[in-house]
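Chains A and B, in that order, are what the protein sequence lines are. Counted from 1, the first sequence has number 35 at position 35 by the numbering used here; the numbering is strictly sequential. Counted from 1, the second sequence has number 115 at position 115 by the numbering used here; the numbering is strictly sequential.
Please note that a few of the clues may not be correct.
What the hints assert, rightly or not - No more than 30 Å apart at the CA atoms, straight line, and that leaves these computed lysine-lysine pairs for DSBU-like: (1) B/Lys-218 <-> A/Lys-59; (2) B/Lys-218 <-> A/Lys-61; (3) A/Lys-64 <-> B/Lys-218; (4) A/Lys-10 <-> A/Lys-59; (5) A/Lys-4 <-> A/Lys-64.
It should be emphasised that the hints constitute simulated quantities derived from the structure, not laboratory data.
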Amino acid sequence: MIKKKGFFEKNLEYLPLIPILGFLFSFVGAANRLGDIDFFVLHLVTLPVWVLLIMANLKIKRMKKTRGNPPITQPEPDGNREA
Amino acid sequence: MANEADRQFERRLLWGLLGFFLVAIGVSSYLHYFAPGILRVPQETGLPEMLWPVPVLSETVGYFCGFLCCYHCYRTRGLWQILLFLFGSFLFTGILENILILSGRFGLVPPTYYFSNMGILWLGEIPITVCTGWFIFSYSCVYIAEVLFGPERRVWNAFMGASLAVNIDLNLDPLASHPSMHSWTWLMQDTFCIFSIPVPNFLGWFGLIFLFALLWEKSRDWGRTQGYRRATWKFFLWIPALAISLALFLYISWRYLLNPLLGGVNLTIFGI
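Produce the entire structure from the sequences given, and follow the hints as far as they go.
Okay, structure coming up:
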């Protein structure tokens with residue numbers, strides 16, 4: 001039985017990246033709240049996270065392109081739905 | 001999970017764990033707000049009026065981000081695996097952080113730290129937001145490593161996931177423990193610090209995520225070879241053992257390695 005895909009299904013692979021991105025942006029908000037320019041510069045410390053996040057994003061995009069987007073079927077009874 | 005008995009076990013596990021944690025959270029929150037003397041809650045850890053949006057926002061955003069990770073894990077690995085990851089990370093964090101906080105508060109070790117303006121509901125003396133945060137960081141960071149390096153390199157993925165989380169904390173901790181934010185307060189004296197944050201904190205971040213990610217991956221093997229029931233018991237018995245060992249390791253490295261060798265040193269930029 002084929003189901004129509006919702007937002008979460010369409011972007012399933014990206015879902016765990018969203019909280020990390022959210023955290024990184026919330027640090028900017030927090031630094032702004034403190035009003036201390038040094039805390040903005042401290043964001044440079046998280047440069048490796050940004051790089052890995054972008055790389056993961058590109059790799060997921062590439063994987064989705066090569067694999068295509070198979071339609072979501074009913075969950076398998078054994079719950080083992082590893083890609 | 002192939003048969004009906006296993007599926008029934010999965011459902012019972014869900015309700016059992018949910019019930020256990022709801023009772024623990026209810027009792028802890030009651031003790032924190034209405035009987036603070038029992039756990040010697042520092043007086044300032046109520047909800048300061050001027051800071052009220054912070055706990056509410058942390059709680060709401062934390063649950064939403066947690067939901068995203070839960071949904072992803074459920075769709076890709078199934079209910080059993082997400083139950084183990086979610087409640088396992090709550091238990092691991094709950095045991096480890098409560099040992100570190102309460103042992104300092106009750107005089108077993110010198111004072112360590114405490115949480116203040118971080119959330120509304122509590123598990124022992126740590127806000128639920130912290131458990132949710134640990135769950136999100138562990139899941140997302142290990143997932144990023146899996147995407148980049150392939151799912152078969154388990155130890156490397158756990159290592160990279162933990163390193164990624166420590167990297168995020170290098171920014172998060174100085175901000176959150178700043179007196180204006182007041183999410184938590186460090187009480188450790190004369191220890192080795194990076195950005196004014198005691199180094200055992202970063203060791204703890206690394207150790208928790210590295211060990212938990214390895215244990216969770218191992219539980220899948222146990223599930224396949226020994227059955228899901230036995231694998232679940234093994235998983236939840238390993239967690240306290242690892243949490244207590246990690247707490248001991250952190251205490252020993254803090255008191256007998258970092259303090260004597262590098263006590264009072266603070267690696268900082270711009271005086272942060």
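Here's how the hints hold up against the structure:
1. B/Lys-218 <-> A/Lys-59: 26 Å, holds
2. B/Lys-218 <-> A/Lys-61: It holds: about 29 Å lies between the C-alpha atoms, which stays within 30 Å.
3. A/Lys-64 <-> B/Lys-218: Given that 30 Å is the threshold and the Cα spacing comes to 28 Å, the pair holds.
4. A/Lys-10 <-> A/Lys-59: 16 Å, holds
5. A/Lys-4 <-> A/Lys-64: OK: A/Lys-4 and A/Lys-64 at ~18 Å, within 30 Å.
The structure fails none of the hints (numbered hints given earlier).
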